[in-house]
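Colleague: Chains A and B are the protein sequences, given in the same order. Residues 1 to 205, numbered by the numbering used here, are exactly what the first sequence covers, in order. Residues 1 to 156, numbered by the numbering used here, are exactly what the second sequence covers, in order.
Don't take each hint at face value.
[To be verified] Restricting the straight-line Cα-Cα distance to at most 30 Å, the calculated cross-link-like pairs of lysine-lysine (BS3-like) are:
{"id": "1", "chain 1": "B", "residue 1": "108", "chain 2": "B", "residue 2": "136"}
{"id": "2", "chain 1": "A", "residue 1": "54", "chain 2": "A", "residue 2": "135"}
{"id": "3", "chain 1": "A", "residue 1": "100", "chain 2": "B", "residue 2": "6"}
{"id": "4", "chain 1": "A", "residue 1": "54", "chain 2": "B", "residue 2": "6"}
{"id": "5", "chain 1": "B", "residue 1": "79", "chain 2": "A", "residue 2": "200"}
{"id": "6", "chain 1": "A", "residue 1": "36", "chain 2": "B", "residue 2": "6"}
{"id": "7", "chain 1": "A", "residue 1": "156", "chain 2": "A", "residue 2": "135"}
{"id": "8", "chain 1": "A", "residue 1": "192", "chain 2": "B", "residue 2": "79"}
{"id": "9", "chain 1": "B", "residue 1": "80", "chain 2": "A", "residue 2": "100"}
{"id": "10", "chain 1": "B", "residue 1": "136", "chain 2": "A", "residue 2": "196"}
{"id": "11", "chain 1": "A", "residue 1": "135", "chain 2": "A", "residue 2": "36"}
{"id": "12", "chain 1": "A", "residue 1": "200", "chain 2": "A", "residue 2": "168"}
{"id": "13", "chain 1": "A", "residue 1": "156", "chain 2": "B", "residue 2": "104"}
{"id": "14", "chain 1": "B", "residue 1": "104", "chain 2": "A", "residue 2": "122"}
{"id": "15", "chain 1": "A", "residue 1": "99", "chain 2": "A", "residue 2": "196"}
{"id": "16", "chain 1": "B", "residue 1": "80", "chain 2": "A", "residue 2": "156"}
{"id": "17", "chain 1": "B", "residue 1": "6", "chain 2": "A", "residue 2": "192"}
{"id": "18", "chain 1": "B", "residue 1": "108", "chain 2": "A", "residue 2": "99"}
{"id": "19", "chain 1": "A", "residue 1": "100", "chain 2": "A", "residue 2": "36"}
Derived by calculation from the structure, the hints in this document are not laboratory data.
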Amino acid sequence: MKNEKSLTVRNFAFATTLTALSMTIGCTPTQYVDSKGTNLVVSMNKVNIQDFEKASEALVASMVESGVLSQAPNQPVALSISRVTNDTSDQFDTDQLMKKIRISLLQTGKVQVTQAVGLGGKVEDPMAKETYEAKRFLAGESQTPVDLPYFTISAKILENSTSAGSTKQVSYIFQMSLANTASGRLVWEGEKTITKQGEKNAIGF
Amino acid sequence: MNSQQKTFLARSGRSLMMIAVALGAFALLGGCNLTNTVRPNRAADGAISGVSQSAPNWWLDSKANVVDARESVVNSDTKKVQVSIFSSQTQQQRFSYKFEWFDKDGMKVGGMDSWESVMILPQQTIVVGATAPSPKVSDWILQISDTNYPWYSSAP
């Protein structure tokens, strides 16, 4: 009887340990995770959302710290997005980067993105452009110059891959330039390199 | 108390000890997932007079201890923060950090708050920093978290 009790306690201890272990190293069910957290998937062959986040934050911080945005005569300054090139092997929409850049720049209060003009005559919001033109016509301002951007942003994303044995390394290089349309000169340039190294994709960083 | 009772008690004691050790080990692993928080102490004029650290994760604190903090203003009205972090460890370590921003009413201001992962060498002091996402920002906190352990999942 007493041996049975002892056995029961030992079984309980064993079961508790086993359950705790399985909870720790067991399969992870599908779940929502914090998009800005540290337990996101880190891929070796693609740009992850946290890479866009880090690149946009670093580039905007560099641009704000440079002070060029405050030097424009009219505040907030009108900005437009020029050519953005994805030169990596990962086919992603460059808006994943540029939208974050724009959001952060708008949040500074120093910049507004104009929809009066766009690269190749295309704007992101055609309705905004048409309404703007209609209002100008109704106000008899059709002959006055449109709200041209004082700054334009262009960007390029590059990739550099290498390996040693089974360890792979990939760098994504985010380059950005800010041009002053009054002078045609580049007044700020920034670069953020994100390097990942490993043998396969992983969770967490 | 006969010998069978003594044996039973001894075995029960060992089993309970095993449970305690298992629970203690998991409590310890769980503790490694705690985040340390650093807040600036401010003088009457708003200048930084030091930092306060809430460090429930002692291991993390030993490899990422904030020794001082500085502030400046960029772009004429935007706060920039730099913090010096020291590692007392004898091996290279990694950790993650992020700044969180607040306006004058203590409301959180979003943006520029993603986790950044950094490496720190033994006995090294590194400087990490960030620029506030908006001129509205008047205060900040720094959160420091441990980076992925090979034997412990950080999944929530």
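Colleague: Confirm or reject each hint.
Modeller: Each hint tested on the structure:
Between residue 108 (chain B) and residue 136 (chain B), the direct Cα distance comes to roughly 10 Å. Compliance with the 30 Å bound is thereby established for this hinted pair. About 40 Å separates the Cα atoms of residue 54 (chain A) and residue 135 (chain A), which puts this hinted pair outside 30 Å; it is violated. Under the criterion of a C-alpha separation no larger than 30 Å, the hint pairing residue 100 (chain A) with residue 6 (chain B) is inconsistent with the structure, at around 69 Å. For the proposed pair residue 54 (chain A) and residue 6 (chain B), the alpha carbon gap of about 63 Å is over 30 Å, so the pair is violated.
Distance check on the hinted pair: residue 79 (chain B) and residue 200 (chain A) sit about 39 Å apart at the alpha-carbon level, beyond 30 Å; violated. Note on residue 36 (chain A) and residue 6 (chain B): the hinted pairing is violated, with a Cα-Cα distance of about 56 Å set against a maximum of 30 Å. A hinted pair counts as satisfied when its Cα atoms are at most 30 Å apart, and residue 156 (chain A) with residue 135 (chain A) does not qualify at roughly 36 Å. Between residue 192 (chain A) and residue 79 (chain B) the alpha-carbon distance is near 21 Å, which keeps this suggested pair within the 30 Å criterion.
In summary, the hint linking residue 80 (chain B) to residue 100 (chain A) is supported, as the alpha carbons are separated by about 20 Å, within the 30 Å threshold. The hinted pair formed by residue 136 (chain B) and residue 196 (chain A) fails the criterion: a straight-line CA distance of about 35 Å is larger than 30 Å. Distance check on the hinted pair: residue 135 (chain A) and residue 36 (chain A) sit about 41 Å apart at the alpha-carbon level, beyond 30 Å; violated. In summary, the hint linking residue 200 (chain A) to residue 168 (chain A) is supported, as the alpha carbons are separated by about 8 Å, within the 30 Å threshold.
Between residue 156 (chain A) and residue 104 (chain B) the alpha-carbon distance is near 37 Å, which puts this suggested pair outside the 30 Å criterion. Among the hinted pairs, residue 104 (chain B) with residue 122 (chain A) is inconsistent with the structure: their alpha-carbon atoms are about 40 Å apart, more than 30 Å. In summary, the hint linking residue 99 (chain A) to residue 196 (chain A) is supported, as the alpha carbons are separated by about 23 Å, within the 30 Å threshold. Proposed proximity of residue 80 (chain B) and residue 156 (chain A) is supported: the alpha carbons are some 27 Å apart, at most 30 Å.
A threshold of 30 Å between alpha carbons decides the hint, and for residue 6 (chain B) with residue 192 (chain A) the separation of about 69 Å lies outside it, so the pair is violated. Proposed proximity of residue 108 (chain B) and residue 99 (chain A) is supported: the alpha carbons are some 21 Å apart, at most 30 Å. A distance of roughly 13 Å separates the Cα atoms of residue 100 (chain A) and residue 36 (chain A); the hinted pair therefore holds under the 30 Å criterion.
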